[in-house]
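Participant: Residues per chain, in single letters:
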Amino acid sequence: MTNSMSNLVKILESFNPFVEEIDEKEIKITVSPDKVVAVLETLKANGYSHLSLMTCVDWIDDNQLELVYILFSWEDGGKFLVSTRIDRSNPKFVTVKELWPVARFYEREIHEFFGVEFEGNDDMKPLFLELWDERPPLRKDFDPRDYSRKKFPDREYEKDVIKEAKIFRGEING
Amino acid sequence: MKERTIWEQIADSFRSRSIWMLHYCTGCGAMELPPTMTARFDMERFGIAPMATPRQADILLITGYLNTKTLRRVIYTYEQMADPKYVIGFGSCTINGGIYFDSYSTINRLDYYIPVDVYIAGCMPRPEAILEAFNYLMEKIRKGEADGWKRYRENYDWYKQNQIRSLGEVYVHDEFHE
Amino acid sequence: MGEVKLFFGPNHPGMHGNFSVHMYVEGDVVKRARPLPGFLHRGFEKLMERRYWYSNIALIPRICVPEPDINEACYAMGVEKIAKLEVPERAQWIRMIVLELARIANHLMAVGGIGGPIGLYTAPQWGTADRDRILDIFEALSGARVYHMYIVIGGVRKNLTPRIEDMIWKTMDYIESRLPDYENLIFKNRILHSRLKGRLILTREQALEMGVTGVGLRATGVEYDVRKVDPYLFYDKVDFEVPTATDGDAFSRVYLKFKEIPQSIKIIRQALEKMPQGDKVNVPVSKGSALRRIVPKGMAYVHIESARGEYGFFVVSDGKNKPYRVAVRGASYPQGLYGIEKYLPGTRIEDVPIWLATMDVCAPEIDR
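Protein chains in written order, with numbering that gives the first Met the number 0: chain A, 0 to 173; chain B, 0 to 177; chain C, 0 to 367.
Don't read these hints as lab results, they were simulated from the structure. You can take every hint at face value.
Simulated crosslink set (DSS-like; lysine-lysine; CA at most 27 Å straight-line):
1) C:279 <-> C:80
2) C:227 <-> A:43
3) C:258 <-> C:273
4) A:24 <-> C:80
5) A:124 <-> C:30
6) C:30 <-> A:96
7) B:159 <-> A:150
8) A:96 <-> A:124
9) A:139 <-> C:296
10) A:96 <-> C:341
11) A:24 <-> C:319
12) A:149 <-> A:124
13) A:158 <-> B:139
14) C:80 <-> C:321
15) A:24 <-> C:296
16) A:124 <-> A:150
17) A:43 <-> C:80
18) C:4 <-> A:124
19) A:9 <-> C:80
20) A:91 <-> A:139
21) A:43 <-> C:341
22) C:321 <-> A:150
23) C:321 <-> A:139
24) C:341 <-> A:124
The model shown is predicted, which means the values in this text are computed figures rather than measured ones.
Model the full assembly from the supplied sequences, consistent with the hints where possible.
Facilitator: Encoded structure:
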């Protein structure tokens, strides 16, 4: 952890974060959902003003969705991963589009792929998919192979090439 | 196949020598088109040139995977093109889905939705393979075998039913909320 | 005069890639614009979760077509960071050479490609033909022209032979000798000046607020480059400069790309000289165990400077033989979505393709 980063972590201690050091220049901070915006504001005021990525991870076993904001500082080259966990069955969170305007599109994307509602962001039109008729596709309980089989028919081959190759290699008897 | 009249044979022979391809990059195969078009491989020496609008184009190149959103536009474009029209499918992903066989948004088989005259295998096909495919298509046109547009007209109901099955509707909406 | 609804793309000769902008125009002036991505959406982030750690290398280059090597490098570096894998030193240098070659290829294509939307049709002929020289190196190196799958987890796939090293030296000399011609043909041309000078100006505050990286940001006068700020591989051991401009207009963005080519050539030459000799370029994996290979629990974000800006992979592992989640930061995400909506209104229709070309809006990496 570099000096300036450890100073920042000290400032953030009032939010009860769980700090994890991934790398010398990469720190993960886990906070409760109601403190995320305050943490992000503090980091933004202290040089971490570039939102590299905002994304979501589906932890299906814990029935939780993890929202991750990755902030990068152009001055000292450090990265902060601010993470929080929200309920998976009724996912709701607040928008950060006032802090970073581009977050509006990341939120639109997360809404489309994970089904998270962002309060304050009213532009929730699907960005990538058209006429989607299933559960959000990046959730873990969605199986793309099944969906692809159901919707897009495969080509049927007259010859079973894989079997022939196995016979050729001598793995099975033809 | 029906016997062609002498006039149709002459027309096919001329058609094969001047092919305009529609300049529509539907997928990543479009990356090998600039080298094919420009100085090094130079497809204009075969009489092939890019064309901006579908109304004047003869070939529709499906350069790679198609997802449902693009397929809607491709069907639009294909139906706008004037007869005779030919389709070339680029790469493995148009043949059987290729590396995206289990993707939830890309189709697995192109000739289920629009008729395809020539497929090029590979991911991605080299410029030489593209030129070879063009030559093969010219040969097919000359012999009168490239009849995809006739098949589309004859089996329109079957193609339409497949399109509706995978896409839901073939209609393009605009992005504004109104 | 009323407002007219105009669909720009996806089937349009001025459009870069398969991308669309829907806008309302009054006369020639754009009143409102909304980007419409998703024509190239293949669901990569889902597909990567379904494949093994090592087989993902074959899938990943397809995320960004003009410069595929950055994907493999990012992913491999992310996995190595979680698994704490030691990469042989020679492999790191080779990776640097490959990434810089890819950068030159992309810049040649971009510098030539600017001729397309503005009507300077000699430039694309030159740019693509010279780019093919670099594709020839890649072909000798990996057997493929566009998708190389050369950088793998734990190193690179094959060693750099003396013949290929010789080829790289010669190609670098050739490209360097061509650069004055490019300067004369493209950057002293009246067409380019009148179409690009003073158009689509982005101030520094606007660029930083939007989150633009790469040449779009450096054209506003700041020297922000991931290679300098957060060095990865051995970028801190080579000597190179980051060219900047102060205008922030479309012309300086294209010119900066051109200015980066000699710097990349410089890096490649230094890397070829400083590279240690030897055969060890990867951590060998036997045929069967690659699929069973487990990466320990953890997450990491790795970013590198691509030709278009900061490109990043966020990799999450839950300790199994497949990735739990991989998220991709496309370098052109801010300027391709937010930038179009915010900064295109007020410009003219013919500026829209110039925005897409000079800001390097790359549709496949936005859609994934």
